[in-house]
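Taken in order, these protein sequences are the chains called U and V.
The numbering of the first sequence is the numbering used here, which starts it at 225 and goes up by one.
The numbering of the second sequence is the numbering used here, which starts it at 276 and goes up by one.
These aren't lab readings, by the way, just hints derived from the structure by calculation.
We put the beta carbon where it would ideally sit given N, CA and C, even for glycine.
Take these hints with a grain of salt, some might be off.
Some chain U residues judged to face chain V by a derived CB distance under 7 Å, without partners named [unchecked claim]:
(1) 291
(2) 294
(3) 297
(4) 327
In case you want the letters, here they are:
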Amino acid sequence: MAITYEPIATTTLSTATASVSFSSIPQTYTDLLIIGQLGQSASNNSVRYRYNSDSGTNYSYIYMKGVGSGVGSGTEANATSGYITETSGDGGLNCIFKCNILNYTNTTTYKTLITRSGRASELVDLVVSMWRNTSAITSITIAQGASFPTNNLISGSTFTLYGIKAA
Amino acid sequence: MLAGNTAFSPSSYESIATVTVGSGGTSSISFTSIPATYSHLQVRCMARSSRSANAGYGVMSYNSDTGNNYSYHSLYAQGTAVAGDNASNVFYQTLIYFPAASRAASIFGIGVVDILDYANTNKYKTVRVVDGYDSNGSGELAAQSGSWRNTNAITSITFTEYNGNNFVEYSHFALYGIKGA
C-alpha cells in the first residue's frame, strides 16, 4: 500500500524569527496538514498565514474558544492574512495546533482550513479560515499578528507540513 | 511534533476510497464494503449544499440503519454567538455544517470525522467531528461527538444532505483507515 500521509518539510527555529515559510509545495497530495508548537515574545497575539505571498484583503475567519470558564467566538472579513490560533506572551512554547487544509490543489473552490489548538492552562480554540482565491496553494507563510509580523516567533517554535493523499 | 523530535510519518494511515461529486450533484454518498482491518477510520470532506439557504447539513449513518438509533452533542458558533446543541433518538449521527446556495459559489465547507474502534462488536460506536465554513465575516463551525447505539462493526457509511437537497459538484469525501500496532 502506498504511503498516504507523509512529512513534506519541518522547520524548527534556532533564533527568534519573523515568519516561517513552506514554498514549492508539491501538488501531488489531496490535503495538507500543519502541526506546530510555538510561542511569541510579546503580548497575546494571533498566529496568521498567507498563501502564495498574497497580501490582499482576501482572507477571513470564524473562531470559537474556551478561556477559563468562559466561551466566545468572533469573525473577521477582508483581512490581509488568515487566522490559525493565538499565543500568549510568556516566552514559553505553550501553544500547539493542528491545521487541516483540504483540497489545496483544486482550482475551482476557495480554500478553507480548520484548526484545533490549545494553550496550556489558558485556552482551547477551533478556527475555520478561508482564502477567497481559486488558485492552487503553492506556498504557505506563518507569522504572528495582523501586521504580519507583529512579533517574532520565539526560538524553539516548530512546524511540520504533511501531505495526505486520497485514493 | 515537539521541538527537537523527528517528524512522524505514519505508514499505518491508508486511503480506502474517495468520492468526488459530479455534475448535477447527489443527495448522498456512501462508502461500502469497508475492510475491518483497521483500528479507526477518518473521513476528510469538503462539500457544499444545493439548499436555498445560507447553510445545509451533512448527516452520517452506518450499515444502512435509518432507525432512530443515533445521538449527538455539538458545540458550535455562528458569527459571534456560541451555543450547544444535542439530539437523541435521531436517524443520523452529527450535523456537519456546509455552505449552501445563498453563499458565494466558490465557498465550500470542510470536515474531519474520526470514527474510533469501528470494527469492535462489543460497544456502541462513537465519532468526533470538527467542521465548518467561513463566508467572509460570517459562517459556522462546530466540534461534535455522536453515538450509534449498535455493537455491529461498521461496514458502510452514508453521508446524506439533511434537507433532501444535493451535495453539489466538486464536493469531495475521502475515507482513510488507521491501523493499530
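Evaluated hints:
no. : hint : verdict
1   : 291  : 12 Å, violated
2   : 294  : 10 Å, violated
3   : 297  : 4 Å, holds
4   : 327  : 5 Å, holds
Comparing the model with each earlier hint shows violations of hints 1, 2; every other hint is respected.
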